[in-house]
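Undergrad: Chains as they are written, first to last, in the numbering used here: chain A, 1 to 262; chain B, 263 to 594.
Read the hints as simulated data drawn from the structure, not as lab findings.
Quantities reported herein were computed from a predicted structural model and do not represent experimental measurements.
Quick reminder that beta carbons are idealized off the backbone N, C-alpha and C, glycines included.
Hints may contain errors.
[Unchecked claim] Footprint (simulated), chain B over chain A, 3 or more residues, beta carbon under 8 angstroms:
{"no.": "1", "region": "1-12"}
{"no.": "2", "region": "84-98"}
{"no.": "3", "region": "102-115"}
[What the hints assert, rightly or not] Ranges of calculated distance between the beta carbons of each label pair, as one might list FRET restraints:
{"no.": "4", "chain 1": "A", "residue 1": "Ile240", "chain 2": "B", "residue 2": "Pro397", "range": "29 to 39 angstroms"}
{"no.": "5", "chain 1": "A", "residue 1": "Leu202", "chain 2": "B", "residue 2": "Asn298", "range": "36 to 46 angstroms"}
{"no.": "6", "chain 1": "A", "residue 1": "Leu233", "chain 2": "B", "residue 2": "Arg418", "range": "46 to 56 angstroms"}
{"no.": "7", "chain 1": "B", "residue 1": "Asn326", "chain 2": "A", "residue 2": "Val244", "range": "51 to 61 angstroms"}
{"no.": "8", "chain 1": "B", "residue 1": "Ser464", "chain 2": "A", "residue 2": "Pro117", "range": "41 to 51 angstroms"}
{"no.": "9", "chain 1": "A", "residue 1": "Leu146", "chain 2": "B", "residue 2": "Glu406", "range": "21 to 31 angstroms"}
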Amino acid sequence: MGRYLTTLRVFWVASLTAELEYQANFLIELVATAGNLMGSIFVLSLFYGRGQSLGGWSWEGALVVLGVYTLLEGITSTLLQPNLSTIVAHVRTGSLDFVLLKPIDSQFWLSARTFSPWGLPGIALGAGLIGYAAWKAGATPTPLTLLGAVLMLVASLMILYSLWFVLAASSIWFVKIWNATEVLRSVLVAGRFPVSAFPAGLRAFFTFIVPVAFLTTVPAEAILGRASGPWLLAGGAVAIASVVASRWFWNFALRFYTSASS
Amino acid sequence: MAPDRMAIVRAQGLGKTYRVADKQPGLAGTLRHFVNRRERLIAAVRDVSFSIEPGEFVGFLGANGAGKTTTLKMLTGLIHPTSGSVEVAGCQPQHREADFLSQITLVMGQKQQLIWDLPPLDSLRVNAAVYGIPPAESRRRIAELAEMLELGDELRRPVRKLSLGQRMKAELLAALLHRPAVLFLDEPTLGLDVNAQARVRSFLADYNRRFGATVLLTSHYMADITALCPRVLLIHEGRLFYDGSLETLTQRLAPCREVRLELHAPLGAEAFASYGEVEAIEGREVRLLIPRERLTEQVGRLLADLTVVDLSVSDPPIEDIIGRLFHQGAVA
Chain A
1 MGRYLTTLRV FWVASLTAEL EYQANFLIEL VATAGNLMGS IFVLSLFYGR
51 GQSLGGWSWE GALVVLGVYT LLEGITSTLL QPNLSTIVAH VRTGSLDFVL
101 LKPIDSQFWL SARTFSPWGL PGIALGAGLI GYAAWKAGAT PTPLTLLGAV
151 LMLVASLMIL YSLWFVLAAS SIWFVKIWNA TEVLRSVLVA GRFPVSAFPA
201 GLRAFFTFIV PVAFLTTVPA EAILGRASGP WLLAGGAVAI ASVVASRWFW
251 NFALRFYTSA SS
Chain B
263 MAPDRMAIVR AQGLGKTYRV ADKQPGLAGT LRHFVNRRER LIAAVRDVSF
313 SIEPGEFVGF LGANGAGKTT TLKMLTGLIH PTSGSVEVAG CQPQHREADF
363 LSQITLVMGQ KQQLIWDLPP LDSLRVNAAV YGIPPAESRR RIAELAEMLE
413 LGDELRRPVR KLSLGQRMKA ELLAALLHRP AVLFLDEPTL GLDVNAQARV
463 RSFLADYNRR FGATVLLTSH YMADITALCP RVLLIHEGRL FYDGSLETLT
513 QRLAPCREVR LELHAPLGAE AFASYGEVEA IEGREVRLLI PRERLTEQVG
563 RLLADLTVVD LSVSDPPIED IIGRLFHQGA VA
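Chain B extracted, bound-state conformation (with noise of 0.2 angstroms):
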């Protein structure tokens, strides 16, 4: 593929690998180890290559441990890559230059950046000078940020004392109020209840409109995904193993729909059997993975055969969804 000019985000052959200390575990494992230091070496992310254009939006999937942190983190520069070149907004990203550093923005759903006693005007204030945004500019920037993200008085009211959903609202106003041109979110919606992760999500898909902004997501929700990403990056074991639509992606990674059951009475596991692949039995309820195109037909017969007290359908987790494709050898 010829490299793209026009490309906001490049990264090539991209490689990462981890000194890890090999000890066993006990006090005679750590002496041995003190005594005789053995060093492991662990690859997390194996020759990735990516390209990414102004304004898209695009999901970034893969297990825990996959590699999709330590991607982002060198797409940031906050980590030096082992192998391989990054290049993001015309610039290397491991030498974090004020003039990279004020194009991006990393957000991360487990980590904050707000000033815990205080409120968020005053970290926003802080944000403001350290980024030479002035007095005025950053005021007309929060009231419309703050309007996008429905936050009024929370502004003026100590972090410690917000919801959890406020507090993630207010902390995306904190990494955009420099108006990066390239988004990098971490599991931005992370123990968000589901009114807050809808409104987080519309907000998202509102920026990028507005501003053009370039935008790579992580998500463990794939509400998240399905809503905002026309184009995922699928990494596994520290490889890029897709690359492409979201639709393409579910077709082949989710054929199957999750649908829960709860039964009146427990049911042996070849009850189902003739309905879909059960995936677990806990009782009185019962997951079933059922082909997309079959759903209907399976859900009315279940309902039709047994005594079902509720029932709900979804898409499996991605983890899941990922973890059956692998296991299956579906993608190679």
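If we strip away everything but chain A, and leave its shape as in the complex, we get (with noise of 0.2 angstroms):
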């Protein structure tokens, strides 16, 4: 356990190194960020014009929403997309052998090789923004809904990772997979609105097929302290069985991939 931390500090301090060369990505990216943000909270304010709701949501709720997707935007930009990305590369150029023949776990070499801080803008800007709209909303914190919270953020990010940690891995036997991750980020964009704004169809298939209610709407119920438990528990159980069904994927995928390259 000891050495995959210290391995985890030298990767990130390397990639760390190589991106900070550019420092005005930093800026540049705050800027995009921030008027990606605006964008978002414009659109969400149409809705909420005369009086309106949003799928029963308030408009601080909605905004908790908001945050809570800018949030995983910034971190799929921090750690997804830099690492999982390179998974088809590897596939292609054949250096996932290197990968392999590395005394360490594979799928955590692959999803933790590269740290980019692009994506820290995202993250502080939702995380504000969340904190403003949950105060705005009213919600009183208590330290059981924070660790609710908390849970169900972390619930959240281990179901996006599963999502697209296994469909880069199916680049072993479809190299180009590249376009199949962008469909699935653009389907992630429904998440920045709650679940219950779409019509009942839609609903369910965000919520059972691509599970984009358990992203942001669910963390954004915990978050505002009106999750109910059977929430709360499908929201764990379907995070544990994601990051479950994606090992057992790689696994499967690497068993292919040994007894048939060449």
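Reassemble the complex: the two chains are provided individually, in unrelated frames, and hints are given to aid placement.
TA: Structural data, given as structure tokens:
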């Protein structure tokens, strides 16, 4: 375990040194993320123009959902996107061989190898928006609701990670999988809005097929202190199940790679 | 042969069969294949057995597609054998246990593990962490290997700014940092110029002596094999054809040397019949094969009889030697 922590530190220090060559990027990224967020808030405000509400959510509640979405986007650009997109390159160039020859878990290596600081503005803005909107909504955090909120955020990350990892890992069969992960990204955009804002059919799709509901709506409910026990349990269960599934899938894919590659 | 208890690498009846889609070219072929999938089995490696003792330096020869890389991948656990068994450093490679992986290394001339945009030192730090080498010890090893490889400042420059030769040396350093007992080297000198090849070669010999490491090396350059490998394994069409000393093999396989001539004016093939076997004629350039024992005599005659602009003598490329051999059926 200690070796994994040391390795993680070395991984991230190495990638930070590489990225920090370009300081200007940080400012550009901050401006871009802030602009993006403003746009989303504007679109959201259109729904609340004449005292209407979105799927039974108050304006402040919907802002919490948007905050969670922004936070996830930030983590995506920091960890998921830079790591998981290289899996495809590893398969194409054959450098996956080097990863498999290291005495360390290959899924760990592929998922944690790089750390890109460009998502940090998104993480900060998302967290800020969550805090502000939750305060405006009159949420009164207790240790229990805080714990629930953190757990649901972690669960939502686990789900997002697993979905993405499984798609990237399937590049072992279909080397050009890049488009599929783009499709995933655009479906996830639905997470900007509370899931109850969608028609019943889509709502079912976003809950059971691509669990967008668990990515933003359920964590937002937990932050607002109104998540029900069953939803929390379901969120945790879906998270654990998807990580286990991603692990199983990776081992399955590797079995294929190691028995078929030339 | 009784199983050797000392062996560090042992393959017993090793085989690998690939399933390959049997598809006709063109759209029609693709559609037909989509509806009615037909697959062919291709035996890349068949019934290969050998064993290598600790500290041995073994050359692994064969034409492209003979099964060298497939065998190396089975020995390193990257692919599972279809039949037979492998044992390397007391482990079964295909389980890829940490204990096994810490004892081996694989260097591939056409693939690289160093991070492109960073100096090699950063990649080395990553490797040290992954293999659990303490910082002080890893600094000591880097200094030692860098000295052996004649690497200095290059370790602090981004990999993309290094020459091919410097990059290969840095790759070797990264592959050897954890001091593996068994080295699998797949074309480590590929594309390097003659000087860089020679330096890599002397490093490998030095490393093998200093650490008693076992090395299995594939190369297209006969010079690598002659300089380094007292023993060679020759694989052809997936089968092991020869296992023994290099000397015996060269006498058997390459009784001839290749003489390249550049003439003042082009001549027909019949003009060379009395000197040796004509390999190729391209305009004024001629390649001849002349038996070793008659080399001096025939070269003397060539120089005396013809107007020669340039002349060089070399061992024919491994591919040619092997190709000739199997063409003539000299080994079977």
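Undergrad: Next step is simple, just say for each hint if it's right about the structure.
TA: Status of each hint after checking the structure:
no., hint, verdict
1, 1-12, "holds (count 6)"
2, 84-98, "holds (count 5)"
3, 102-115, "holds (count 4)"
4, A:Ile240 to B:Pro397: 29 to 39 angstroms, "holds, 36 angstroms"
5, A:Leu202 to B:Asn298: 36 to 46 angstroms, "holds, 39 angstroms"
6, A:Leu233 to B:Arg418: 46 to 56 angstroms, "holds, 53 angstroms"
7, B:Asn326 to A:Val244: 51 to 61 angstroms, "violated, 43 angstroms"
8, B:Ser464 to A:Pro117: 41 to 51 angstroms, "holds, 43 angstroms"
9, A:Leu146 to B:Glu406: 21 to 31 angstroms, "violated, 53 angstroms"
Figure legend: structure checked against the earlier numbered hints; hints not met, in rising order: 7 and 9.
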